[in-house]
Amino acid sequence: MQAAQRASCGAAGVTAAPARRPAAAGAAAFGGRAGATRLHVVGSLSRRELLGSGAAAAALLPPLAAQASGATPVVAAAAAAASPAADVHLRPLQLETDGNGVQRLALLPEGWNSWRWRGHNVNWLAAGDKGPTVLLIHGFGASVYHWRYNVPELSKHCRVYAIDCLGFGWSSKPLVEYSGYGLWTDQIADFIKEVIGGEEPVVLVGNSLGGYNALATAARNPDLVKGVVLLNAAGRFEEAGEESSEEAAVATPEQQNLWSGLVEQVGTAVKRAAVFASFVFTKQPARIRQVLGQVYVSDRNLDDDLVRSISLPAQDPNAAEVFYRVITARGEAMNRLLAKLDGLPLYLLWGEKDPWCVPARADQIQRYYPAATRTDINSGHCPHDDTPELVNERLLQWLSNLEAKAASA
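Residue numbering for the sequence shown follows full-length UniProt numbering, starting at 1 and increasing by one per position.
Rather than coming from a laboratory, the hints here were simulated on the basis of the structure.
The C-beta atom is built at its ideal place from N, Cα and C for all residues, glycine as well.
Take these hints with a grain of salt, some might be off.
Said to hold, decoys possible - Derived DSS-like pairs: lysine-lysine, alpha-carbon spacing no greater than 25 Å straight-line: (1) K193 / K283; (2) K405 / K130; (3) K353 / K193; (4) K340 / K156; (5) K226 / K340; (6) K340 / K283; (7) K130 / K193; (8) K405 / K226; (9) K156 / K130.
What the hints assert, rightly or not - Here are the simulated distance ranges between beta carbons: (10) N401 / E239: 32 to 40 Å; (11) V176 / D363: 29 to 37 Å; (12) L302 / A339: 36 to 44 Å; (13) A406 / D363: 25 to 33 Å; (14) K405 / P317: 43 to 51 Å; (15) P222 / A360: 36 to 44 Å.
With the sequences and hints as input, model every part of the structure.
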């Protein structure tokens with residue numbers, strides 16, 4: 001494999017630092033040949049230098065993603081767009097080039113940045129030093145890595161952040177109450193205020209469960225959010241004639257059945273036992289790949305690193321119980337959340353081949369919120385990773401229009 005290339009994301013502030021000495025990447029532990037990939041290792045900046053100047057910091061650890069996919073690692077770092085509090089630990093951001101020559105995030109087994117929130121560690125990353133601020137919120141079972149093909153491109157034009165919700169990815173997995181989803185909306189709101197800075201409202205972009213969390217955060221914190229983008233968002237609507245309820249199940253029946261074999265009619269004890277037994281099977285790499293294969297239209301990006309990004313966090317001792325609590329959790333109905341938006345710009349960027357959150361769900365959102373704009377694309381449940389070039393192009397266009405309208409107002 002060729003030596004690592006140097007790369008730049010231009011205006012993004014994500015720029016490869018000049019190499020000082022090469023070092024072999026440790027690929028053997030993950031199925032690759034030791035020494036098959038060479039990584040440029042460069043000196044790092046102090047936390048004060050990184051926060052004060054926004055200059056590139058060095059990557060000191062070899063990325064994970066070159067082992068099986070033929071990806072070429074690139075040493076890079078995010079511009080420090082935030083002014084985080086003292087309980088934030090920063091790590092360099094590493095990029096790589098995949099086997100098709102496309103730049104993406106490198107998978108790091110130790111995670112990215114750490115923010116201490118309510119006694120728990122929250123994983124996050126950032127890139128870009130100018131333009132509108134965008135916060136990316138992952139879906140069920142995913143993490144910040146699921147935005148691997150979006151962060152490099154978006155950060156050329158935006159200040160981009162991504163966060164792991166508690167219970168997922170490299171964030172802590174506490175045994176707390178997830179039902180009601182107030183925990184995540186509080187986490188996201190505090191992240192905007194404490195890490196991003198809260199000086200101006202942000203645009204929330206969420207996929208699946210992350211779409212629901214983005215919508216709920218905007219509905220409950222209108223001063224922090226200036227726009228919401230939903231990528232095949234999860235969440236239930238109250239049906240006609242249904243008794244009024246503050247909360248409804250968030251995961252769709254298709255998601256519950258496919259991920260956990262959950263049957264609504266069984267009792268709690270039986271349900272928990274069934275979900276725990278299913279989780280042992282569900283977290284296996286082969287099962288993860290099978291599930292993803294059902295909701296992606298292309299297998300181009302269904303690689304080992306994507307599977308690892310889901311299976312590694314699932315090894316946490318609390319992961320099975322958190323899985324049960326989340327898959328059975330309930331939250332405020334979508335129609336109630338939409339009623340609270342009060343004219344907030346809402347964009348539906350929908351993968352029309354999604355078997356879980358079908359286009360009819362986007363139709364429902366538009367019925368309750370006619371001001372929403374919408375684009376359907378030939379993609380599945382996770383369009384940002386399935387067809388990232390389509391999502392990046394349309395998302396950037398919508399953001400540009402949003403900024404233009406704000407400037408002319």
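Tested hints:
Pair hint K193 plus K283 does not hold up; C-alpha atoms about 34 Å apart against a cutoff of 25 Å. The hinted pair formed by K405 and K130 meets the criterion: a straight-line CA distance of about 18 Å does not exceed 25 Å. Distance check on the hinted pair: K353 and K193 sit about 36 Å apart at the alpha-carbon level, beyond 25 Å; violated. A threshold of 25 Å between alpha carbons decides the hint, and for K340 with K156 the separation of about 32 Å lies outside it, so the pair is violated.
Proximity of K226 to K340 is assessed by CA-CA distance (about 14 Å); at most 25 Å being required, the pair is judged to hold. Note on K340 and K283: the hinted pairing is violated, with a Cα-Cα distance of about 37 Å set against a maximum of 25 Å. Pair hint K130 plus K193 holds up; C-alpha atoms about 18 Å apart against a cutoff of 25 Å. Under the criterion of a C-alpha separation no larger than 25 Å, the hint pairing K405 with K226 is consistent with the structure, at around 12 Å.
Simply put, K156 and K130 have alpha-carbon atoms about 8 Å apart, close enough for the 25 Å limit, and the pair holds. Separated by about 34 Å at the C-beta atoms, N401 and E239 satisfy the suggested range of 32 to 40 Å. The beta-carbon spacing between V176 and D363, approximately 35 Å, falls within the hinted interval of 29 to 37 Å. Judged by the Cβ atoms, the range 36 to 44 Å given for L302 and A339 holds: they are separated by roughly 38 Å.
Against the hinted window of 25 to 33 Å, the Cβ-Cβ separation of A406 and D363 comes to about 28 Å, which satisfies the hint. Checking the proposed 43 to 51 Å range against K405 and P317 shows it holds: the Cβ atoms sit about 48 Å from each other. Between P222 and A360 the beta carbon distance is about 28 Å. The supplied range of 36 to 44 Å is therefore violated.
Figure legend: structure checked against the earlier numbered hints; hints not met, in rising order: 1, 3, 4, 6, 15.
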